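Chemist: Chain residues, written in single-letter form:
2 protein chains.
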Amino acid sequence: MSVADVKALTFDTGGTILDWHAGVKAALTAMGQKHGIERDWTHITNEFRRRSLGKILNLGETEPPAYNFDVSHRMALDSLIEEHDLGAFTDEERHTIAYVTPHNLKCWPDFPATLPKLREKYMCVSFTILSFRIIMDTAKANGLNWDAVFSCEAIGKYKVLPEAYKAVAKYLQLDPSEICMVACHNFDLDAAKACGFTTAFVKRPDEWGPEGPPDPEPNPSHDIVAGTFPDMARQLGVTI
Amino acid sequence: MSVADVKALTFDTGGTILDWHAGVKAALTAMGQKHGIERDWTHITNEFRRRSLGKILNLGETEPPAYNFDVSHRMALDSLIEEHDLGAFTDEERHTIAYVTPHNLKCWPDFPATLPKLREKYMCVSFTILSFRIIMDTAKANGLNWDAVFSCEAIGKYKVLPEAYKAVAKYLQLDPSEICMVACHNFDLDAAKACGFTTAFVKRPDEWGPEGPPDPEPNPSHDIVAGTFPDMARQLGVTI
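Protein chains in written order, with this note's numbering: chain W, 1 to 240; chain C, 1 to 240.
Don't read these hints as lab results, they were simulated from the structure.
Owing to the predicted nature of the structure, the values given are computational and were not obtained by experimental measurement.
One or more hints might be untrue.
Stated by the list, open to error - Short derived list, chain W residues pointing at chain C, Cβ under 8 Å: (1) Val3; (2) Met123; (3) Gly143; (4) Ala169; (5) Leu172; (6) Asp175.
As the list claims (entries may be wrong) - Covered stretches of chain W (chain C as the covering partner; in silico rule of three or more C-beta atoms under 8 Å from a C-beta of chain C): (7) 128-138; (8) 184-195.
The beta-carbon is built from N, C-alpha and C at its ideal position, and this holds for glycine as well.
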């Protein structure tokens, strides 16, 4: 099996397609200005991401998940509000930051025009820890059309549990090697690779804003390493 | 709550969107001609549907489903082959009838142009007992784009079990009354209605070919009764 045998692309969506840092930071900054509060919004934004990820990765390992990523977002924000003395934020404002904002994130500008080209050759699905509604709402906001949305919310096993990757291979009715996991994170690709997936690392150096991503260097085991989505498409033999 | 509060349309897809009768009958007829065999292909087609439905509806009630609709199709065909003395059909030909054909069914001609209009106002998802791959493959073959595919294959509870409808309402993060189940079958709509969904019956008089559908008259409890998809769209306030 090789990249030439790939029939489906499964896209991590959270950071790989959506620019959560810019969106969440803008929402926090705007809310701070409204209340005349200054904080290190860049830091708080990244903590929001780090904590919500911490609450969702591997969820479902021992018992069914009790919540989805929307709830995880809200829990992360509430803990940050307490620590950073942001009690002035109203409940509606907290909902705007933790729910409305993630459902309206912009995607990286090199993706929307590339997706339809990839879909001509491959099944292209979102395979995500995000809730269905985040994917559906952001798809609408960005004009994306997925062939299907595989949210860990329905699988009941969150990345990086192997059951999540195996469930997606089953739904796609493909050998894992015929599926290419696309992500900007080694942890996701490594887990997919351990289940037999082909893997494509797409660099998103701005995912964490000026701080930079925590693990930016692709592991050498990945089948494709690309700087941009058009670059990845070309490596897959798709004309851009 | 009323039709004006609906935010999402969940489409039964098997008979409501896809013309399984024409597709399966054509495949059976072609295979018969190849072998010089004459049978009542109309009848066998409907039995194929009836039996595959019988093997999938309510699956998962007491234990996790052991198979999906593709397997159900194949089991239905194999039983028909035995009964109708069709042993001349090769394994590849059986695969063509039971797998390739359902994955390439044409949809009713009034649907493809209506779907994008509906998507401007509503989330439009396939909510189906069919496998993910049947929905993804037929969407591609017919140029459809769904906002998401909710297959009972992932839910683990098949229609008309209430858990299936409740799972979809949960994923959509909507009150069931804000979701309109769209189908040409009372059994599906009645089950949705029992879970609080709004319901739209769209007539598909040709679904079972010349035999006609077994239950063509909409129950009076449905919120919308439409003769065509453009008709349903207009009743939802969508300009066609």
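Chemist: All hints, please: hold or fail.
Modeler: Each hint tested on the structure:
The restraint placing Val3(W) at the interface with chain C is violated, with a minimum CB-CB distance near 21 Å, outside the 8 Å limit. Hint status for Met123(W) relative to chain C: holds, with the closest Cβ pair at about 6 Å, below 8 Å. Given the 8 Å rule on beta carbons, the hint for Gly143(W) is violated: about 11 Å separates it from the nearest Cβ of chain C. For Ala169(W), the shortest C-beta to C-beta distance to chain C is roughly 11 Å, which exceeds 8 Å, and the interface hint is violated.
Using the Cβ-Cβ criterion of 8 Å, the hint placing Leu172(W) at the interface with chain C is satisfied: the shortest such distance is roughly 7 Å. Using the Cβ-Cβ criterion of 8 Å, the hint placing Asp175(W) at the interface with chain C is not satisfied: the shortest such distance is roughly 14 Å. Using a Cβ-Cβ cut-off of 8 Å, 5 residues of the region 128-138 of chain W lie near chain C, which meets the minimum of three, so the contact claim holds. Counting residues of the region 184-195 of chain W whose beta carbon lies closer than 8 Å to any beta carbon of chain C gives 0, which falls short of the minimum of three for the stated coverage.
Violated hints, in rising order: 1, 3, 4, 6 and 8; the structure is consistent with all others.
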